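Enquirer: What follows is each chain in one-letter form.
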Amino acid sequence: MSLLSATSVTAHYGDFQALFGINFAMAAGETVAIIGSNGAGKSTFLRALTGLRPTTGQNIQFDGALIAGLPADAIHKRGLAMVPEGRRLFPSLTVEENLQIGAAGGRAGHWTLDAVYDLFPDLRDKRRNGGTELSGGQQQMVAIGRALMSNPKLLLCDEISLGLSPKVIKDIYAAVPRIQAAGTSLIVVEQDVGQALAVADRIYCFMEGRVSLTGTPATVTRAEISQAYFGLNTEGTAA
Amino acid sequence: MANRILQALLALTILALALAPLWAGRADLRLLMEVLAYLALAQMWNLLAGYTGLISVGQQAWVGLGGYLFFALTILGGVPVFAAFPLAALLTAVLAVPTGWVAFRLQGAYFAIGTWVIAEVYRLVAAQVGALGGGSGISLPVAVAKSIAETRMGREYVMYYIAFALAVIAVAGVWLILRSRWGLALTAIRDSEVAAESVGVNTMRSKFLIYVITAGLTGLTGAFLFFQKLRITPDAAFSVNDWTAFVIFIVVIGGIGTIEGPIIGTILFFALREVAADWGTWYLMGLGALAIAVMLIDKRGLWGAIHARWGLSILPVSRNLPD
Amino acid sequence: MIWVNAILQGVLLGGLYALFAAGLSLMFGVMRFVNIAHGDFIVVGAYAILTAIVTMGLPPVLGVAAVLVLMAVAGFAGQYVVLNRVLGKDILPPILVTFGMSIILQNALLEIYSADSRKLPTGTFETSSIDLAGGLAVGVLPLCMFLTALAVIGGLQFVFYRTALGRMLRATSDDPEIVPLMGGNNNRIFAIATAMASLVVGIAGIWLAMKTQFDPAAGPARLLFAFEAVIIGGLGNLWGTLAGGIILGVAQTLGAQIGGGFQILAGHLVFLLILIVRPKGLFPRMKG
Amino acid sequence: MTVLLELKGVNKSFGALRVAQDVTFDLPEGQALGVIGPNGAGKSTLFNLIGGALPPSSGQIAFDGHDVTRTPASARCRAGVARSFQIPHPFVGMSVFENLLVASSFGESGHTDPEAAAAHILDITGLRHRANRHAGSLTLLERKRLELSRALATGPKLLLLDEIAGGLTEGECHDLVATIKDVQSTGVSIIWIEHIVHALMAVVDRLIVIDFGRIVADGDPATVMAQPEVQEIYMGISVEDAA
Amino acid sequence: ASRPIKIGFVSPQTGPLAIFAEPDNHVLNTFRKQIGDGIMINGSKHPVEFIVKDSQSSSNRASTVAQELIFEDEVDLLAATSTPDTTNPVADQAELNGVPCITNDTPWQPHFFGRQGDPAVGFDYTYHFFWGLEDIVEVFMAQWAAVSTNKVVGAMWPNDPDGNGWAHPELGFPPVMAANGFELVDTGRYQNLSDDFSAQISAFKNAGVEIVSGVMIPPDFTTFWTQAAQQGFNPKVVNVGKASEFPQAMAALGDRADGLSVEVWWHRTSPFNSSFTGQTSADIADAFEADTGAPSTMPLGFKHSLFEVALDALQRTEDPTSPESIAKAIGETKLDTCVGRIDFSAGPVPNIAKTPLVGGQWTIDSKGNPHLDITLNLGHTDIATTAEMRPIG
Ligand SMILES: Nc1ncnc2c1ncn2[C@@H]1O[C@H](COP(=O)(O)OP(=O)(O)OP(=O)(O)O)[C@@H](O)[C@H]1O
Ligand SMILES: Nc1ncnc2c1ncn2[C@@H]1O[C@H](COP(=O)(O)OP(=O)(O)OP(=O)(O)O)[C@@H](O)[C@H]1O
Ligand SMILES: [Mg+2]
Ligand SMILES: [Mg+2]
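Line order of the protein sequences matches chains A, B, C, D and E.
With my numbering as the guide, the letters of the first sequence map in order to residues 907 to 1145.
With my numbering as the guide, the letters of the second sequence map in order to residues 693 to 1015.
With my numbering as the guide, the letters of the third sequence map in order to residues 723 to 1010.
With my numbering as the guide, the letters of the fourth sequence map in order to residues 1298 to 1540.
With my numbering as the guide, the letters of the fifth sequence map in order to residues 2 to 394.
Simulated from the structure, these hints should not be mistaken for laboratory data.
Watch out, some of these pointers could steer you wrong.
[Unchecked claim] Listed next, the in silico BS3-like pairs over lysine-lysine satisfying Cα-Cα at most 27 Å (straight line):
1) 899/B x 811/C
2) 811/C x 838/B
3) 1032/A x 1073/A
4) 838/B x 368/E
5) 991/B x 1002/C
6) 7/E x 329/E
Model, not experiment: these values are computed from the prediction.
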């Protein structure tokens, strides 16, 4: 059955419209990637799902219940967690406290401090450090761990590769299968198309607030992606 | 069209005020003096907070300094009254320079309370100046008051026109500044400081200049206010409620960041006071509640809302591109 | 010896100022928000205890409890109903709303209690003292007051750094926007913070009532002392706030040695001096 | 040909995060330089450093032969550095025309006739029909164009553009390119951050790629774009699956 | 009846000095009753209307309400009492705007010189009667001398009109004290409503002060005296103006008030009678206590005398519509009131008349009620002493 279904989601920033009727659906256990260039509306869409960005009179179903219009903390308690763009750790909290905050919603399950430390062993010996004293990659791990601590049914990851070196990105993505194994579904927002294709069962490509392409990694060609990504053909320019 | 009508109305009001001594009784004149003085104070605070975002809760410092300097100049310095007014204003502005140097170390809400602390310092220092009666305060020798006119009515008229001049200087002054090249910069700062910087506006200097100028004119108003009261004491001169709280309410209720706002606010403030005066404390509570309500309902204030709704403006400062 | 005594008395007085400041510091810490009516709320607390004990004749313990509960509830409600709606990037609304509250409170108190200055009589408690070596004597009341300050600040520290609530409060102070993603509700968290602050304000008010005379207009001066203590100590640092209060108290008593007129003045001047040499305060923790 | 802008070993970090690392390059007068790189690479930060909105943690910045490392933004603007903001900062309380008027009156040592200058710019950028509209009422695309116009109105020697083409249609994009070319033809040097690569390629004579605040590639646009590691960094599409 | 006479009255009904205004209503009612439907002025009967305003113990407020009385109510006569903060601004407005004005209950120097008065010229419209610093100095000095001490005096003089007056290097205490061999310990003018007097107290302890003297507002004295106890400071003689003039304040201090001494300017045993109601001082006191249940205080007599003088002057006025005429009548006052004889022509400076001052001391009886005894009459032989001056404790 479908875990999340959103129909014609729109969002505005003041008088500027960022999303134009996004239709989106995914089943439990799936991992879906959303790609698209800057300003395509990826983050805005995730914020709409989590309730951070109020969206007017449209219909978002999560886990069989209507969540559109609920306050963000209520949605979170239903098992929808997000790793925000740019990590957003709490600087005045230690690594461990950052993780504990994630559990504030009080959902029990597989993910505990120890489970997270097993997932990202680097963090265990940094547990007493301030969140900002870590490398970018480690910060991203904390951000992910923090979201996992609420034992979500669905985890939204907004550009977890942002500003990280390919090596680090690989390390982080190495954790994804284990997250899926714990029964968590994922939506991964990426500009890093390679990564997206690697982890996702299906992809959505956004362009200027609309879905410009959907498919599975197997079916979509790189040309299509470039087209959907920039509205142009890259080989054309490169040559 | 509506603007034309409002402007005509304004012109008529000014004319009527200019001729007030012809039609107003002694009590009315007194009231008008107070109204005009408060209008001046309101315009100054609005210029400061509404355009440079410097929310000062310490304007009483300038009112008090203006008053004390005026008394010092006339009593100790023997300076004639009409020379003492501008001098007091000038000296107040001069004192605002080092004051600002300290106050500008605080931002936002901290700047607000910081200016208040500084005003307190001035109050306590004034209380130490024995030559001006220390904490007892001092009376203006009747001779000085009489020096502006022999007859009682004559004095009333002269004082009225001083107040009238004050208000005109304040309103016209703010209007001219805002229409000037520099006013453009101030409005830009109001809307986005970082963008203003990026197009070449030296935001720091503009803010500081405004801070000093408003201090000077506020001091001038203070000099007048206490010339009229005849007696100055530290507590009266540096009262936060009389010289800052009311002024802030006037501006905010009327509409901060516009020239019309303070005018509307002042009229409203005194109209309310006339009907509700005998409610005493209740009136003040109502005033506070009104200010809170404005913030909760529409923080642009009365005129701000009107302007946004119907695009009215009595004293336009906008420059249109003719096409 | 005079100077030693002055410093001693100043330190004790500093306890009161730290109590004044703790609530302010807490609200700034969590909400980046300065309550201009803070001093007036302290005075409200003082009148409340006066009414509870003198007018209504409640036994002290009951009276104190009643006042503290009342303050906390009022704080929670006030934040939830009014202040939450004006918090934001624009600093004018919070300043103005609390300024309005300040005027309303002062006049309401004037209406109810008249402008006469009052004091909570505590019999021998306020006159008894402990003699130290060299003719020094410490009043029992000021001493208890100082110990209360230590306890209150220690307590707040504990809540902030040892409890889940404190963790959530610090997280909110770092980045309120994403706290909902952790299942936190900003409005409720803010209201809880204000409730805690109001509780402390209540305690401060009760000591104010016992320590000195107060009247409906006594609030603003208390706000300024509190504010100075916070800035001197450094934003968002509670122990720093205590230090700030002590520095302020000592500055005042030493100033009084120079001459009665310099008591309050000296406090303000020390504050301005520190502002000039250390704009971020002596022990900053948080970026203003 | 003389050097207009010169960065020497510029570093910038926000706490633990290093967003500019030993950035060093020269910009010859009249050149159009493109800057690309993934999100959060430090492109906008680079503009903040050049424009003076942020002070560098270390290193020197020289403009027009003078060291401006510690010069405030307003002074740099009057010296001839103008910039647009990635997230537009219009003066919402003013009309579009007044927005430009501020720039033309205070920017680069001020024009003799600010009104005329502002009006002229509006014609160039095609905002004339909006001249007397409140800037607050503009759409995001119009706001981005206002950013460009206002920057131009300061009469700059160096123009910094941060992602002004995002969300434009092919046609609009074409006009934008044309406009920028005209500006360059009047001798103004340009640095343009843009994700819309084809637009960028149509204008710039040189391309810099930034990753983690480091310059990882610098040179002729076509060659730089062709470099596999650039493709990898930029689109994350590694060379293998490109083949 | 013809045109009513309006009398504007300003006093500190609220604020730190509110206690001074306690007798206001009783006194006004007494006079309203006595006046009935009016008084005879120059052959015609005029109703009298009292318009009362509160100065809130603030000079700013006092000046404002005085202006209201002058410009809005257009009163014929202004009256004000109790400390310079109220009497001076009111008199200033009256003088400038040409409204006759009578004030009392402020030592005459702070009133006259505080208003920049010139002994050679005086004022045209404003008259004031009370005792002066020379009297208070004499009384306090006598009280100090009456008890054997080391003659070291700690001064508590605030930075307000009274404090500055009393501390004045020529007109105030210091010169006379020096002349009489008293050593002065003065820590400087403190701000009113201060939280903390530990500095003064420790200074006094250090200098071995045995006498404390000053003029403090009631709340400050309470704070001071409490902290003195905390610090273990126990002087032998304490006489502070203002604060210890009131039985309520003494009652609040409980046993710690026993032995405090004070200057007495009116007392139920005063030998003077009201010229308007014929009451003796005792009658006035009894009537007040019967009416309010509160103990009679010194201001009671002076409020009463203030209106005695006002009405007497009005009755002698030729043209009640002319301020000058009323002012002239006031100036010519020669009246025996319940506080003694008022004669502005006999004052130390123009527009000022002096009233007698004696010394008193408080005893707290077993039930904790304070009683004020006259202990020294210093030549005012008509005023009888009721007890001996004794040290505290
Ligand atoms: N706070 C904001 N105010 C105004 N406009 C905004 C705001 N945030 C985003 N936008 C605009 O909304 C559009 C979508 O932004 P969004 O952040 O969702 O894009 P994105 O796909 O996440 O881009 P990126 O890959 O850079 O994160 C962009 O045009 C952006 O400029
Ligand atoms: N004022 C700031 N404080 C802290 N971190 C900041 C600040 N400004 C930028 N950053 C961080 O610095 C890094 C670089 O930001 P920058 O805006 O320069 O990236 P960019 O290359 O412009 O990205 P984009 O293509 O999305 O505009 C990002 O991780 C950003 O979160
Ligand atoms: Mg995004
Ligand atoms: Mg950027």
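Enquirer: Give a verdict on every hint.
Expert: For each hint, the structure was consulted:
1. In summary, the hint linking residue 899/B to residue 811/C is supported, as the alpha carbons are separated by about 20 Å, within the 27 Å threshold.
2. Straight-line distance between C-alpha atoms of residue 811/C and residue 838/B comes to about 52 Å, which puts the hinted pair past the 27 Å bound.
3. Taking the CA atoms of residue 1032/A and residue 1073/A, the gap is near 20 Å; set against the 27 Å cutoff, the hint holds.
4. Under the criterion of a C-alpha separation no larger than 27 Å, the hint pairing residue 838/B with residue 368/E is inconsistent with the structure, at around 58 Å.
5. Between residue 991/B and residue 1002/C the CA atoms are separated by roughly 31 Å; this puts the pair beyond 27 Å, and the hint is violated.
6. Of the pairs offered as hints, the one joining residue 7/E and residue 329/E holds, with about 17 Å between alpha carbons and a cut-off of 27 Å not exceeded.
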